[in-house]
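Between the sequences and the hints, there should be enough to build the whole structure, so can you do that?
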Amino acid sequence: MSLQFSDDRIFSCGSCSYEYRPATVREDTPRIMIQVQVQGRHTIAMVDTGGLYLLCSPELAELLDLDNASVVEKDVRLAIPRYGKVTGNLCLTSLALLAEEGSGLELEVTAFVPQYRVSLDQDQPPAIMGLWRCLEKIRFAVDPSSDTFYFGTLGDES
Amino acid sequence: MVSLRLASELGNEELFARAARSMNWARCSAAEFVEAVRLALKVGAHLTALNLVTTGVQRYPQNSSLQKMNRLLGPPRVLKTNLPPIPSLKANREWIRTHAVEYRDQWVALQEGRLIASASSVRELKAQAESLEGLLITKVV
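If you read the sequences in order, they're chains V and E.
If you use my numbering, the first sequence corresponds to residues 61 to 218, in order.
If you use my numbering, the second sequence corresponds to residues 23 to 163, in order.
Just so you know, the hints here were simulated from the structure itself, not pulled from any lab data.
Taking lysine-lysine and the DSSO-like style, the derived pairs with C-alpha atoms no more than 27 Å apart in a straight line are:
1) 197/V - 90/E
2) 102/E - 197/V
3) 90/E - 145/V
4) 102/E - 112/E
5) 145/V - 197/V
6) 197/V - 64/E
7) 64/E - 134/V
8) 197/V - 134/V
9) 148/E - 112/E
10) 145/V - 134/V
11) 90/E - 102/E
12) 64/E - 90/E
13) 64/E - 145/V
14) 134/V - 90/E
Take a look, some chain V residues computed to stay more than 10 Å from chain E by CB distance:
15) 109
16) 143
17) 175
18) 206
Keep in mind the model is a prediction, meaning the values are calculated, not measured.
Note that CB positions come from ideal geometry on N, CA and C, so glycine has one too.
Here is the structure:
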């Protein structure tokens with residue numbers, strides 16, 4: 061099922077179910093967790109509209125070899141509420157939002173990869189999708205009655 | 023640039039943003055813009071970094087470093103649409119829900135709701151599975 065505006069313009073092109081649960085074993089606050097593909101690798105990401113970039117865990121970054129991406133800025137500092145000030149690298153990567161109904165889409169987003177594992181709690185979801193430089197150019201909505209995450213492009217308005 | 027370098031060394035984001043606002047950027051070279059953006063990112067002034075790269079790339083559109091930075095700090099781009107739906111998302115989700123306690127804190131590799139491998143680290147997971155291609159890789163919480 062897709063969402064539409066009152067003038068029949070398309071709001072979402074696809075949807076998927078999300079898990080509403082803590083992101084790590086050490087937390088007790090539920091978060092919206094959805095399945096995505098980062099650089100073609102299928103994994104689970106947390107939605108964090110207050111966050112910046114696509115925050116990749118050191119494990120995911122190692123799996124994807126993000127440090128050898130073609131566009132990288134090193135020694136970037138980022139204040140992450142759950143972890144404090146962290147130093148890492150910025151790089152471009154692809155992020156695919158996967159649909160169970162309708163169609164998925166793929167974005168080129170900016171990923172932040174912490175340089176040092178000790179900078180972060182050992183527990184971190186594979187990926188955290190922030191708004192800035194990650195989800196900011198798509199529309200998305202949640203329906204808590206069915207734990208459904210809807211998403212779509214801005215279309216001609218982008 | 024001295025004030026920017028100093029603010030960056032001090033790790034003072036507010037001081038950096040203030041120094042950047044007070045500078046006369048009309049007289050700065052492309053190299054200075056590149057350095058300023060790097061200093062901004064180093065101190066964590068991401069919005070200032072974006073503003074600097076936007077100004078820099080407008081003044082020096084052919085500069086390859088500024089072009090790369092603009093791509094990095096610029097808005098995300100839609101690469102592909104109309105990707106087909108993936109029915110196996112539900113099966114993976116169900117498996118995680120069913121086995122959350124049993125595999126808590128473990129990295130797992132799933133294929134259409136079936137466990138392919140599990141390990142305490144991604145490195146061990148890679149060693150266990152023949153290939154992680156096409157598999158859902160995640161840590162069970």
